[in-house]
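Novice: These protein sequence lines map, in sequence, to chains G and U. Each residue of the first sequence is one higher than the last, beginning at 1 in our numbering. Each residue of the second sequence is one higher than the last, beginning at 1 in our numbering.
Keep in mind that the hints were calculated from the coordinates and are not lab data. Among these hints, one or two may not hold up.
Copies of the same chain look alike in the list, so a pair counts if it fits in one copy or across any two.
What the hints assert, rightly or not - The list that follows gives simulated cross-link-like pairs (lysine-lysine, DSSO-like), each with its CA atoms no further than 30 angstroms apart:
1. Lys378 / Lys308
2. Lys34 / Lys376
3. Lys163 / Lys225
4. Lys154 / Lys168
5. Lys376 / Lys439
6. Lys44 / Lys123
7. Lys435 / Lys34
8. Lys378 / Lys469
Protein chains: 2
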Amino acid sequence: MTTSDFRKYAHQFADWMADYFENVERYPVVSQVKPGEIKSALPKAPPQKGESMDAIFNDFNRIILPGMTHWQSPNFFGYFPANNSMPSVLAEMLTATMGAQCMVWLSSPAAAELEEATMEWLKEMLGLPASFAGVIQDTASTSTLCAILTAREKKSGYEINSKGFSGKERFRVYCSEHAHSSIDKAVKIAGLGLENLVKIGVDADFAIRPDELEERIKSDIVEGKTPLCVVAALGTTSSTAIDPVRKIGQICDKYNVWLHVDGAYAGTALALPEMRWIADGLELADSFVFNPHKWMFTNFDCSAYFVKDPQSLIQTFTISPEYLKTSADDQVNNYRDWGIQLGRRFRALKLWFVIRSYGLEGIREKLRLHIGLAHKIKEWVLSDPRFELLAPVLLGTVCFRMTLPGLDEERINRLNEEFLNRVNNTGKAFLTHTKLNGKYTIRMSIGQTETREEHVVKAWELIVDEAQKIIYTIS
Amino acid sequence: MTTSDFRKYAHQFADWMADYFENVERYPVVSQVKPGEIKSALPKAPPQKGESMDAIFNDFNRIILPGMTHWQSPNFFGYFPANNSMPSVLAEMLTATMGAQCMVWLSSPAAAELEEATMEWLKEMLGLPASFAGVIQDTASTSTLCAILTAREKKSGYEINSKGFSGKERFRVYCSEHAHSSIDKAVKIAGLGLENLVKIGVDADFAIRPDELEERIKSDIVEGKTPLCVVAALGTTSSTAIDPVRKIGQICDKYNVWLHVDGAYAGTALALPEMRWIADGLELADSFVFNPHKWMFTNFDCSAYFVKDPQSLIQTFTISPEYLKTSADDQVNNYRDWGIQLGRRFRALKLWFVIRSYGLEGIREKLRLHIGLAHKIKEWVLSDPRFELLAPVLLGTVCFRMTLPGLDEERINRLNEEFLNRVNNTGKAFLTHTKLNGKYTIRMSIGQTETREEHVVKAWELIVDEAQKIIYTIS
Chain G
1 MTTSDFRKYA HQFADWMADY FENVERYPVV SQVKPGEIKS ALPKAPPQKG ESMDAIFNDF
61 NRIILPGMTH WQSPNFFGYF PANNSMPSVL AEMLTATMGA QCMVWLSSPA AAELEEATME
121 WLKEMLGLPA SFAGVIQDTA STSTLCAILT AREKKSGYEI NSKGFSGKER FRVYCSEHAH
181 SSIDKAVKIA GLGLENLVKI GVDADFAIRP DELEERIKSD IVEGKTPLCV VAALGTTSST
241 AIDPVRKIGQ ICDKYNVWLH VDGAYAGTAL ALPEMRWIAD GLELADSFVF NPHKWMFTNF
301 DCSAYFVKDP QSLIQTFTIS PEYLKTSADD QVNNYRDWGI QLGRRFRALK LWFVIRSYGL
361 EGIREKLRLH IGLAHKIKEW VLSDPRFELL APVLLGTVCF RMTLPGLDEE RINRLNEEFL
421 NRVNNTGKAF LTHTKLNGKY TIRMSIGQTE TREEHVVKAW ELIVDEAQKI IYTIS
Chain U
1 MTTSDFRKYA HQFADWMADY FENVERYPVV SQVKPGEIKS ALPKAPPQKG ESMDAIFNDF
61 NRIILPGMTH WQSPNFFGYF PANNSMPSVL AEMLTATMGA QCMVWLSSPA AAELEEATME
121 WLKEMLGLPA SFAGVIQDTA STSTLCAILT AREKKSGYEI NSKGFSGKER FRVYCSEHAH
181 SSIDKAVKIA GLGLENLVKI GVDADFAIRP DELEERIKSD IVEGKTPLCV VAALGTTSST
241 AIDPVRKIGQ ICDKYNVWLH VDGAYAGTAL ALPEMRWIAD GLELADSFVF NPHKWMFTNF
301 DCSAYFVKDP QSLIQTFTIS PEYLKTSADD QVNNYRDWGI QLGRRFRALK LWFVIRSYGL
361 EGIREKLRLH IGLAHKIKEW VLSDPRFELL APVLLGTVCF RMTLPGLDEE RINRLNEEFL
421 NRVNNTGKAF LTHTKLNGKY TIRMSIGQTE TREEHVVKAW ELIVDEAQKI IYTIS
């Protein structure tokens, strides 16, 4: 491909991109293909000779696009959003072109220093403790793993890094029974053992019970175990429940336990002064993660990880082979030592584009819109006897189910599973599910960048319509 | 930003991208900024109100661009390349726009199935064992960590995952003293302890000595330790030395040790039938990693990780919370269970664009060009008494130094450090260094997608010129 070919196709793709943003609502939100359908449409063998970009792009539109689930549709209400935005995508065009690998300062000084600067910005935007230092990770899975590993090393005097487990550690990690599966994964990877992850019960709002947490810590100590880390959820995945950070922090302080706060989704809400209460006590945390790629309009992946004591993070991960040494090492942040991977993309650029393009006011406006829409749905759920609200609505996510008098719980669960499938099979909206107190729960998460009232109104009409159809069938 | 604003800027950025590819040689290859210079040019506080894209893009050009090290310059000869290509960048435009989060099949079926298909293609292109199954990871650091964790779990009957280390394991990992620092990092993360990473001596060509490896394994067994994993380097970072995979594989087989082959850089060379000898015995490996983002013209990050027994990988990482369950789970690959992170970008698309656009023939042509150019430099080094070759040239990387009669080794080391700084400070080329047998070694790695003979000729002229200047100063 020559640069003039590239120029031609880059313009063609630029139009495709703008068209996509204009037309994304027309695609089925969740892909309607069957397992194996895409793969069977692809040639089994790689081509010997190069093919034209026209042929490749044609296949992209013909084969790949129908197999995509459109996360950037304003009718995407599944999981948590992984929203991007037009300014973020523009930045990605530059990042992809420069293709810099930003492992050390020298390998792209601007990437290292912009990362430092944007992490400082985020601290101010979210009202995070001034003592925190930030670094961009790929995902909250990685950030949480970094937290647990750093806790492990700090507690062991960095001896597990050097000598391995002696078998005498008997470390324990605590989180609520509603905490994210990435904590289970991190505990396994770190060699702590899943049976040493203590799942604490929750209150009626699905938030951790600090009294039970303290009891478990105390009884573990009596049994000769060492409480290592508590992971508090600032917004659980199932229902966005808010664990009481201050109370947990005081317990952690008392027993000298690392407190990691996982605000992967909800952290962005701290940009709103009226929502800061959810993180009351955050200054007691040793580490905190939230994902700008979830609800801050920044392309996946971009996870902002903050630590109170960056030296402990660096000491956990530092390596210094000759081939990576540079004369600037003493004066700069070499982010290779702030996490697991050596290689790093230039992720700060898109975040910088987003923050500058929206401004703090623009970001707040979007968040307030989304939260307001979630509260509208909550009202609709509460005022309609065919539906039941299953968790408090604090942010942009609503947990509900349809219900019918006279049916037992098992039947209602199956009914809701069918109901969710029907809604999703229309392709007009995409919602996902969880279980709360054994109840099959529909989750509707509002946070895609372009979701406005009209989308939520239409989605609710669809939901009511599909529910009514099921009710007719049964009655 | 409206979609019509976006369209306007996307076209403007498309031109910037094409211009960048046309003009990248005009930028200093390595950024000439001083530590702190970029950060001090950035505003300390985030903006309250949104700013115009013109202002942001202007600051990008004014502040950020001078702070970039241009990895995609054909005069970039540092580290190993992290090369992209125009077809890959086109794919990134689509990926960024769709912004799909591809953690499970349902969250984008095309991403999961294209990943499976491209991994099959790579197996055929590189002549990998048919029994391997592949998955895309972000970096070789992560792939190697996955290998060591899987080895740990398989050997412990998955008991470390469930119960944590008992202290009785006494696992040992082996690699050459020239293996990559990511192995040190992985051994620490996995809780094995750095002192249980046994660094085996190398032969005159910097390849691991299999006799010494077997001796160490045997003596470890005598001491009651359990050999867990050997990491063989297919191309060490310092000098691209090739560890003898077949001999190592036979030893691993004999002592029931997991063999992981790290071909992060050199793996791409297996696309050349005449280079397949470097991986002779690869069918004995349990896992293999190579990075298409290094030498296969695919944007960072894209690391291809292959395992013989994918079930052991999945069993190591599987999680199954209710909120991630889908009805397709039994019929598809859910790649969330094939590695550490839950969230995953759609990385297969760029790889598919590259393979189709170049074809196997186009990729082979580039590789042969790069290897041929490295051999030219080798000849120039060998025929010039001012230089000394310090390692065999097998692929695209040449290790050499300048030398002067009558100087002791320490003086020559300092001389070469100064020499390298002078070359890099011209901004006309970028090379990095390592140490081989205590000698400060200049590494010149040829692998950027657009590097042609003219770039190598000019770089060599620059090298000779700067060397001669130093010689004048000293004499």
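Novice: Checked against the structure, which of the hints given earlier come out wrong?
Specialist: Of the numbered hints, 1 and 2 do not hold.
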